[in-house]
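Undergrad: Build out the structure end to end from the sequences listed, making use of the hints.
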Amino acid sequence: MHEASARGSKGLASVIIICRDELPYLEQTIRFMLTVPSGCPMEIIVVDDGSRDGCADFLRRGGELSRRVHLVDAPGLGPARARNLGAARARGELLVFCDAHIIVPGGWLGDLARAVLAGQAHAVCPALVHTENPHLAIYGGTFNKDLSWVGLTLPPRSLSPVPLAPAGCLAVSREVFLEVGGFEEGFTGWGYDDVEFSLKLWLFGFVVAVMPWVKVIHISRPLKPYQRPGENLTRNLLLLAALHFNPHRLARVAAMARPYAGFSEAWARASEPGVLKKRDEYFRRRVHDDDWFVSTFGMPV
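Numbering of the sequence shown is given in the working numbering, commencing with residue 1 and proceeding in unit increments.
Hints may contain errors.
[Stated by the list, open to error] Below 30 Å or equal to it, Euclidean Cα-Cα: the simulated BS3-like pairs (lysine-lysine) are:
{"no.": "1", "residue 1": "K278", "residue 2": "K145"}
{"no.": "2", "residue 1": "K277", "residue 2": "K145"}
{"no.": "3", "residue 1": "K215", "residue 2": "K10"}
[Said to hold, decoys possible] So the derived label-pair ranges between C-beta atoms look like this:
{"no.": "4", "residue 1": "D73", "residue 2": "H288", "range": "35 to 41 Å"}
{"no.": "5", "residue 1": "E265", "residue 2": "L136", "range": "34 to 40 Å"}
{"no.": "6", "residue 1": "R221", "residue 2": "G298", "range": "29 to 35 Å"}
{"no.": "7", "residue 1": "L136", "residue 2": "P161", "range": "18 to 24 Å"}
FYI, nobody ran anything at the bench for these hints, they're computed from the structure. Note that the structure is a prediction, hence the values are computed from the model and not measured. By construction, the Cβ of each residue, glycine as well, lies at the ideal position given by its N, Cα and C atoms.
TA: Dropping the structure here:
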């Protein structure tokens, strides 16, 4: 992970937006963030991760937006490493990871920040409303028996623990982010990066929660540049399992994934010495085991 200071500017929220081919959504998202009352001091950092459509060019041309947004160019790192790069450039004591295609309500940032900085939870996500189904809000997610993400649709009455928080909008304290090592940089491309981050937070003894009254609109795009089903997804799933699951659960996941595209290569990479060394470190450091996590949240895995 890129080096970052353990202590950020007190009270400042660093909004980190990663983008790849997000024309015209990126500019729209930033204008919304700068127009609506945020509820707390913020900086915006955009990591342009190898875009080919010029979606961040408006930040390179000068003008008001370029003065208010810090642009970082990256060569196509993938979501996990791009987020870590943004965190390394951030100055705030709160890190807020956002997709480049969201619409935020007034006061959104202040609500998320207060919960984290007051110690009510170590990481907090809002409810997400997807434009493809605007009448249904998602309050975080959980695993199904195939270890796929399933959105939770029953709204809690207050700030509530949630097993998995999407990185489409996720606030976490800088201190805790660094304590768990940020997002897993072994992930290639899209898939399981925010799932692994949420799981790691819980296993290390931290609390992940959803704030149901803050509703962020998530724009469903026809093209998803980061989403590459197949071998990358298999690789990320097996890496998650290798890092965090006990031998019996890991064996079940491997058996389930055997028919998936790229299984042999993915399993070989998940068994590399560097992965096994990190697994041993995580197992020594964690406060809860994966049985506790599955049992606590009633998961069928």
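Undergrad: Verify the proposed pairing of K215 with K10, using a straight-line Cα cut of 30 Å.
TA: holds (26 Å)
Undergrad: How does the Cβ-Cβ distance of R221 and G298 compare with 29 to 35 Å: does it lie in that range?
TA: holds (32 Å)
Undergrad: Given the range 34 to 40 Å, decide if the beta-carbon distance of E265 to L136 lies inside it.
TA: holds (37 Å)
Undergrad: Can the restraint linking K277 and K145 be considered satisfied, given a maximum Cα separation of 30 Å?
TA: Within the cut-off at roughly 28 Å; holds.
Undergrad: Holds or violated: K278 and K145, Cα atoms, limit 30 Å.
TA: holds (26 Å)
Undergrad: If I claimed the Cβ atoms of L136 and P161 lie 18 to 24 Å apart, would that claim hold in this structure?
TA: holds (21 Å)
Undergrad: Verify the CB-CB distance for D73 and H288 against the hinted window 35 to 41 Å.
TA: Between D73 and H288, where Cβ atoms are some 39 Å apart, the hint holds.
Of the hints listed earlier, there is not a single one the structure fails to meet.
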